[in-house]
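A.B. asks: Taken in sequence, the protein lines are chains G and E.
According to my numbering, the first sequence is numbered sequentially starting from 1.
According to my numbering, the second sequence is numbered sequentially starting from 1.
Because the hints were derived from the structure by calculation, they are not lab data.
Beta carbons are placed, not taken as given, at the ideal position from N, Cα and C, and that holds for glycine.
No false leads were mixed into what you were given.
Non-contacting residues of chain E with respect to chain G, defined by C-beta distances greater than 12 Å in every case (computed):
(1) S24
(2) P47
(3) L229
(4) N254
In silico DSBU-like cross-links for lysine-lysine, where the CA-CA straight-line distance does not exceed 30 Å:
(5) K183/G x K9/G
(6) K270/G x K180/E
(7) K84/G x K9/G
(8) K339/G x K502/G
(9) K183/G x K7/G
(10) K357/G x K502/G
(11) K183/G x K74/G
(12) K183/G x K272/G
(13) K180/E x K272/G
(14) K180/E x K263/G
(15) K339/G x K263/G
(16) K500/G x K263/G
(17) K180/E x K339/G
(18) K91/E x K14/E
(19) K183/G x K270/G
(20) K434/G x K180/E
(21) K357/G x K180/E
(22) K18/G x K7/G
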Amino acid sequence: MNIKIIKSKVNNLFLANKALLLLNFCVLCYIAGSVRETAIRYQLELFDYALLVLVDHYYVLYCLLPILLIIITKHIRNSSDIEKVRYRNINQMMRVEISSFTAWLSLYLLSSLLIVLLIGLPTFKPNLFAGTFSGGNHDEILLLLDAYASFSRMPIVSILTALLYHVFGLTTLTALLSLVNNKIHQRATISVAVIILILTFIGFHTSLSNQFPILFFSNYIIFHRGLFINGAPSFFLTVITGLGIILIAHGYRPPKMKASMLKELTISRKMKLTTMLVIVGLILIDYFQLNYERNLNSREIVIRLMLGTNTEFRSFIGWIKSSLIYYLPIFFVGLSVSKINQYQELPVFMRFESYAKLNWNILLQYVSYILRYAGCFLGGLIVMFLIGNNSSFMSKALYESFGVQLTTFLFIGCVLVFMLTMMFNLILFLFVVKVTNEIVALVGIIVLSFISYLVPGLSFLNINPGILTIFEDIQQTFPLLHIKITLMTIFIIAFLGLEKRKIHACNQTH
Amino acid sequence: MNRIYMRLIWKSIKRILPAWLISSVVYTLVLFFSVYSSNHTSLIMYPIQPYIYGSEPVDLFFPLFTTLPFVWPVFFLRINNFLEYVSLRIKPGRYIAYQASASLILCFFMVFLVNITGVLFSLLIANTVNNVQGPSLAGYILGEMQMMNPVHFGLLWSFYKAIIGLLICTLGLILAYYVKNMFLMFLAPFTVIFLENFLTAITGLARYSFTTTFVLNRLDSSVMLPKNLLIGIYMFIILTFAVQRILARYEHQNN
Numbered sequence: 001m002n003i004k005i006i007k008s009k010v011n012n013l014f015l016a017n018k019a020l021l022l023l024n025f026c027v028l029c030y031i032a033g034s035v036r037e038t039a040i041r042y043q044l045e046l047f048d049y050a051l052l053v054l055v056d057h058y059y060v061l062y063c064l065l066p067i068l069l070i071i072i073t074k075h076i077r078n079s080s081d082i083e084k085v086r087y088r089n090i091n092q093m094m095r096v097e098i099s100s101f102t103a104w105l106s107l108y109l110l111s112s113l114l115i116v117l118l119i120g121l122p123t124f125k126p127n128l129f130a131g132t133f134s135g136g137n138h139d140e141i142l143l144l145l146d147a148y149a150s151f152s153r154m155p156i157v158s159i160l161t162a163l164l165y166h167v168f169g170l171t172t173l174t175a176l177l178s179l180v181n182n183k184i185h186q187r188a189t190i191s192v193a194v195i196i197l198i199l200t201f202i203g204f205h206t207s208l209s210n211q212f213p214i215l216f217f218s219n220y221i222i223f224h225r226g227l228f229i230n231g232a233p234s235f236f237l238t239v240i241t242g243l244g245i246i247l248i249a250h251g252y253r254p255p256k257m258k259a260s261m262l263k264e265l266t267i268s269r270k271m272k273l274t275t276m277l278v279i280v281g282l283i284l285i286d287y288f289q290l291n292y293e294r295n296l297n298s299r300e301i302v303i304r305l306m307l308g309t310n311t312e313f314r315s316f317i318g319w320i321k322s323s324l325i326y327y328l329p330i331f332f333v334g335l336s337v338s339k340i341n342q343y344q345e346l347p348v349f350m351r352f353e354s355y356a357k358l359n360w361n362i363l364l365q366y367v368s369y370i371l372r373y374a375g376c377f378l379g380g381l382i383v384m385f386l387i388g389n390n391s392s393f394m395s396k397a398l399y400e401s402f403g404v405q406l407t408t409f410l411f412i413g414c415v416l417v418f419m420l421t422m423m424f425n426l427i428l429f430l431f432v433v434k435v436t437n438e439i440v441a442l443v444g445i446i447v448l449s450f451i452s453y454l455v456p457g458l459s460f461l462n463i464n465p466g467i468l469t470i471f472e473d474i475q476q477t478f479p480l481l482h483i484k485i486t487l488m489t490i491f492i493i494a495f496l497g498l499e500k501r502k503i504h505a506c507n508q509t510h
Numbered sequence: 001m002n003r004i005y006m007r008l009i010w011k012s013i014k015r016i017l018p019a020w021l022i023s024s025v026v027y028t029l030v031l032f033f034s035v036y037s038s039n040h041t042s043l044i045m046y047p048i049q050p051y052i053y054g055s056e057p058v059d060l061f062f063p064l065f066t067t068l069p070f071v072w073p074v075f076f077l078r079i080n081n082f083l084e085y086v087s088l089r090i091k092p093g094r095y096i097a098y099q100a101s102a103s104l105i106l107c108f109f110m111v112f113l114v115n116i117t118g119v120l121f122s123l124l125i126a127n128t129v130n131n132v133q134g135p136s137l138a139g140y141i142l143g144e145m146q147m148m149n150p151v152h153f154g155l156l157w158s159f160y161k162a163i164i165g166l167l168i169c170t171l172g173l174i175l176a177y178y179v180k181n182m183f184l185m186f187l188a189p190f191t192v193i194f195l196e197n198f199l200t201a202i203t204g205l206a207r208y209s210f211t212t213t214f215v216l217n218r219l220d221s222s223v224m225l226p227k228n229l230l231i232g233i234y235m236f237i238i239l240t241f242a243v244q245r246i247l248a249r250y251e252h253q254n255n
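Isolated chain G, as found in the complex (with noise of 0.2 Å):
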């Protein structure tokens, strides 16, 4: 039903802008005109040809992106309460609106290619692969070519790529508008179209839409500037973003895990969310940061991220920064204890055998959440440290202080420590909340952490080392990385087990 639904929107398309698509019709037709002098005279081929008028940035933006906007705007106002009552809900009739936008582009824009195939042809020579564009530094036609033909050698893959893209970015944008249109008010996505509009152009004629791409609408319909100008990270981060906003538009909702009573009273769902939203805004504080002083390497997030402080270099951002990531599951982890304190008369308390197997089970929960936020996160670190180069600012700091080189094995050796950190934090945690209570054990331990941040001489209390400290114990011929890594795994296998023991002892008969 929906494929007829969609074929006759795809009909309907055609027929209802009219006068649009001609307009755009005789603009593609003066830009092809007008970019032929300019092939012929870099002797270009077909399809080098085709791919100079398909990307030109100022026919898509100033010409197919506002007629476009106007035929999506349309196409989503136009449905009919008649219509509407129709659909099973309103997931499915955006579901329809954005799949017969996207065919209906998709048609539009091969139709496009064909007619300037076919004003290029009687002139130009059909070619497989690219030509060499070397040369011209200064000459920003032939930079582009050049741009493309290192992405791909084939110029039609380079032309479907660009296309597509195209439709990526245009089917966002559709989604974008449904969703406005569909949960907010009809008379906001006239607000928002225009909104998106003048954001583009400002983005576009500033430096605006490099440093934050994913609010600018150029990024997510030319391709060239998405990946060639904006750099991978920033390519994957608003290809993400467009995905994210089509999937939403389309009715998908993250799985809903049922999850035990248990885990819900001691981390929540929403406590897990809360930690992951902190630490993508931190990665993301960073990346903006780079992005802005352009020096945009994805290593280089990794080691601003973790470098935490020492004795040489004592940075009050790096010690909160390292602060923030290993304290912040701690914190959920006393929210969460408080909390059983709280309701600790509660039924699903009392199911189990013993105090010692409830606490047991509660603990499995802390460990399983520090263990999954710690494998989450450093995984992440890990990948974003592998994609990135060692020609970043801060590796080449790091070599020219210590001589040691930031390797991927010494990176995933650091990222060992701070998970076992992690953990050691986490049993210490508990450990103090057993004596006194979970306030003063967070307290006490930020409080022990400031101190080892604040005296030199104390660094090896420090108890949220970074990239630094690490550096700096590595250096040191004492074996204090060792030793420290010792007695945190000793620590941890020791109240651990004790806890175990706790059943067991429980279960005993007197």
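Go by the hints and put chain E onto chain G.
C.D. replies: Using the frame of chain G, we list chain E on its own:
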């Protein structure tokens, strides 16, 4: 009638007095230790400088000192349903207001007394170095007074800092009234100010940070301007109002 209310406030004060005493002693000792070590590790040109350098690290925990000892009575009045029994004799809102007033009065006195003592201690122990070219305090707010008349400046600064302490304590009291999780209630003001400090520092907006308003001469003198400090204070007041409105609405919905 007024005597009854005065007696209620006095009773509330007596309830918090032991916590006040302990926190005042801890705050004073930590500040003295920090001022003393700063005096030995920094170049001191003016007698107030050990206090300036020494109070900075302690001020990271200033939100804890101004909330932990003072907000718990309000929390327990609410959580133990004591207000339901009180409502037979006095309006619960009024009772809470007296309790909060007692907390605020003691918080004010603690911050004022500890800081003026810290300044006096600094003046007493300062090892000033003469004939050395060093940074001047002249560019800071009341810079001349900091250099020439530190006792008067200490009085003014302690009074101002006590007012800032009251603002933080107010946020703590609001949270104590509405939040039911003790851990969150006690640590929320500290966490909020900690995060705000981090976010403003990392975005290069430390001049508008609320933390800058209670850390003496925290940044370069060119950005330590009264209008910047006022922005930080206004933002914190707006945040406090917003938190109160949100929590009140949340509670209203849940009831």
